[in-house]
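In order, the protein sequence lines correspond to chains A and B.
Counting in the numbering used here, the first sequence runs from 1 upward without gaps.
Counting in the numbering used here, the second sequence runs from 1 upward without gaps.
It cannot be assumed that every hint is accurate.
[Unchecked claim] Pulled a few chain B residues facing chain A out of the computed Cβ check, cut under 8 Å:
{"no.": "1", "residue": "Phe172"}
{"no.": "2", "residue": "Gly176"}
{"no.": "3", "residue": "Leu184"}
{"no.": "4", "residue": "Arg196"}
{"no.": "5", "residue": "Ala335"}
{"no.": "6", "residue": "Val338"}
{"no.": "7", "residue": "Ile453"}
To be clear, the hints were calculated from the coordinates, so they are not data collected in a lab.
In this text, a Cβ means the ideal position worked out from N, Cα and C, and glycines have one as well.
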Amino acid sequence: MTPGERRAAVMSYSVAIVGALLLQSVSSQNEPSISTSEHTTLSKESGTYTLQCNLTSSSPPQESYWMKNGEEIPETRSPNRQTEYKLNKPRGDDAGWYMCVYTFEMSPPANATIDIRSAPDIIGHKRSENKNEGQVAVLYCKSVGYPHPAWTWHKFDDGVHREIDNTSGRFFINSRDNYTELNIMDLDIVSDPGEYHCNATNMFGSRDQMILLRVRSNLAPLWPLLGVLAEIIILVVIIVVYEKRKKPEDLQDDDDSPGPVKTNSTNNHKDKNLRQRNTN
Amino acid sequence: MPPAPANELGYKPLDGGWGWMVVVGAHISIGFAYSTPKVLSIFFKEIQENLEASSSEIAWISSIMLAVMYAGGPVSSLLVNHFGSRPIVMLGGLLCGVSMVTASFGNSIVYLYLCIGVIGGCGLSLNLNASLTIISKYFLIKRPLANGLAMAGSPVFLCILAPVNQYLLDMFGWRGSLLILGGLMLNCCVAGALMRPVAQPGRRSTSGPLNEVEKPPNNTKPKIDCMNRAKTFMDFTFFKDRGFVIYLIGNVLFIFGAYAPIVFLSAYAIDQGVEEYSAAYLLSIMGFVDMFVRPATGLIASSKWIRPRIQYFFSFAMVFNGTCHLLCPLVNSYAFLVTYAAFFGLSFGMVFALIFECLMDLMGNQRFPSAVGLVTIIECFPMLLGPPAAGLLVDFFDDYRYLFFMCGSVIVTGGLFLFVMNIYNYYMLDKEKAAKVRELNQITMENQDQVNISS
Numbered sequence: 001m002t003p004g005e006r007r008a009a010v011m012s013y014s015v016a017i018v019g020a021l022l023l024q025s026v027s028s029q030n031e032p033s034i035s036t037s038e039h040t041t042l043s044k045e046s047g048t049y050t051l052q053c054n055l056t057s058s059s060p061p062q063e064s065y066w067m068k069n070g071e072e073i074p075e076t077r078s079p080n081r082q083t084e085y086k087l088n089k090p091r092g093d094d095a096g097w098y099m100c101v102y103t104f105e106m107s108p109p110a111n112a113t114i115d116i117r118s119a120p121d122i123i124g125h126k127r128s129e130n131k132n133e134g135q136v137a138v139l140y141c142k143s144v145g146y147p148h149p150a151w152t153w154h155k156f157d158d159g160v161h162r163e164i165d166n167t168s169g170r171f172f173i174n175s176r177d178n179y180t181e182l183n184i185m186d187l188d189i190v191s192d193p194g195e196y197h198c199n200a201t202n203m204f205g206s207r208d209q210m211i212l213l214r215v216r217s218n219l220a221p222l223w224p225l226l227g228v229l230a231e232i233i234i235l236v237v238i239i240v241v242y243e244k245r246k247k248p249e250d251l252q253d254d255d256d257s258p259g260p261v262k263t264n265s266t267n268n269h270k271d272k273n274l275r276q277r278n279t280n
Numbered sequence: 001m002p003p004a005p006a007n008e009l010g011y012k013p014l015d016g017g018w019g020w021m022v023v024v025g026a027h028i029s030i031g032f033a034y035s036t037p038k039v040l041s042i043f044f045k046e047i048q049e050n051l052e053a054s055s056s057e058i059a060w061i062s063s064i065m066l067a068v069m070y071a072g073g074p075v076s077s078l079l080v081n082h083f084g085s086r087p088i089v090m091l092g093g094l095l096c097g098v099s100m101v102t103a104s105f106g107n108s109i110v111y112l113y114l115c116i117g118v119i120g121g122c123g124l125s126l127n128l129n130a131s132l133t134i135i136s137k138y139f140l141i142k143r144p145l146a147n148g149l150a151m152a153g154s155p156v157f158l159c160i161l162a163p164v165n166q167y168l169l170d171m172f173g174w175r176g177s178l179l180i181l182g183g184l185m186l187n188c189c190v191a192g193a194l195m196r197p198v199a200q201p202g203r204r205s206t207s208g209p210l211n212e213v214e215k216p217p218n219n220t221k222p223k224i225d226c227m228n229r230a231k232t233f234m235d236f237t238f239f240k241d242r243g244f245v246i247y248l249i250g251n252v253l254f255i256f257g258a259y260a261p262i263v264f265l266s267a268y269a270i271d272q273g274v275e276e277y278s279a280a281y282l283l284s285i286m287g288f289v290d291m292f293v294r295p296a297t298g299l300i301a302s303s304k305w306i307r308p309r310i311q312y313f314f315s316f317a318m319v320f321n322g323t324c325h326l327l328c329p330l331v332n333s334y335a336f337l338v339t340y341a342a343f344f345g346l347s348f349g350m351v352f353a354l355i356f357e358c359l360m361d362l363m364g365n366q367r368f369p370s371a372v373g374l375v376t377i378i379e380c381f382p383m384l385l386g387p388p389a390a391g392l393l394v395d396f397f398d399d400y401r402y403l404f405f406m407c408g409s410v411i412v413t414g415g416l417f418l419f420v421m422n423i424y425n426y427y428m429l430d431k432e433k434a435a436k437v438r439e440l441n442q443i444t445m446e447n448q449d450q451v452n453i454s455s
């Protein structure tokens, strides 16, 4: 190859590279790129945590806003390229998937997702449930945390966690996202009472909560009722017998005024219109 | 000094002895009568879920029970006049027990209206009237104390039944609780057994040999008895009695304003920023103070300084109650609300300890049963209208202060009215008495002249 030919080859090669680079930069100008803060997992010591999104393409956005779990967070709209959302002392219910959304005049909107993850924590449940036999019991658990946990129910019998035995077909479990429900139809007083545990598990942790189910017998109130009736009958009998025993003695003293009128008091209350006879 | 109405008993009441057992019986009976409509509300939430009724439909149960209890006054007066207190209280207790037991099997809200509301209300109205009557038969000198002790049954049973009902509800559900509550209400039969009738000469009694002597005349004159009974059923001659009308007007004004503050106290406290439990605590404070104030007021009213002026004491208590309500909205702090609740309990207890004692004082023992029946049926209207009217005020002005101002001013008006009109009434009674004495003196002088002339 002559020196002239080598120079031409280098020139065309570098033009090709520059051209390719130029093409690259032109095409990246059409696609907006957003740099975000990292996905993070909440811990107990988390102080204020800031979610950041920075639009690094050249065309300015019309507006930007934040969404949490698919719903817009109010009062987060701003016209800036850089937008942030602060979580003060984030707790379990702050976990979820957050999205910063940029809208443009001439182009479709762009977004980026940041996951705030945490282990599940069970926040809503009834500590105990009292129902009569034959009724329907609804045991529920609510949780916070992301990703949404997988729910399981167990019964704690004789010191052992058991799967719920649904051979009778009376147990129905409904679970969605952060809520689970265990419906027990036609409560049976022998097999159903006891400790039920709802368990929420995701890749960061697992949590368990106990609910106590008590089934009242329909005949239970009869014993106290019989006790009360017995007490009443005994008292009435005592009072009537006491009165019958006092009566013959009273009748001897009765002239035309009942009760012990015999009194030594000459206390005629002067300001009352009372005519008294002081006997004895 | 106001004259006590002539004691028409014709015998010296016991004023002690077995009378105190009668007071115990009246305490139990009145306690159930006043507290049952209030404590039933503990069951309402569960009944509402079970029978799928709305809140207002459920609240009607208490209202019907209270309305029937007050409206049944004249009927129970009639029965008490005819049969005496003991059988009526036992019948009342039986009705209450039966009402609760049958209600526990209910499946519709209308069934509960009938069982608890109507039958239960009838039982309670029989209890109330008969208990008050027997006290007036057993006590004269210590009657205010006996009345105070008996009326104290209302706050005592409220304080006892409220936690008991909550416990029963947790243990047995609402059906089981109503069943057991029905059994507990049969204790009114025990109370009735304690109310040994006072066998008076010349009057029908339900025990002893006197009854057999009176039976033949009764059998031969049923028709005349019926007519007399119809007359005493709604004895409108009471309205000619000046003292009775004054008492009635004052009482109607009091009852109109008395219950609304109780109903709305918790809501007002929560509105002022107090926690729910602390707000409920205010009512407990009021009930607790009430419990001790009623017998204490009875004791004070029995003393020789107050007894002759008992009507004035009653109007003072009413004005005190009204003033408490007027002062309540002035300061917004929890400590002040607690003080208000305590003074509210104090004044409420004072008024209720004296409310029936004053009627007995005005009417005398013979006319008291019929009078109290008439008073309760007329009081039915302000009692049912008062809280909803106050609620309307709250809704209209969106401010609880006007409720307290309204109730306070109505009650103060009632108290002042009683005070002024009683001065007038006693003045007129003194005048009439002086006129009678002059007449009697004239007649005796004429008789003496005739004797002198003839001898």
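Hints that the structure is at odds with (numbers, increasing): Those not satisfied are hints 5, 6 and 7.
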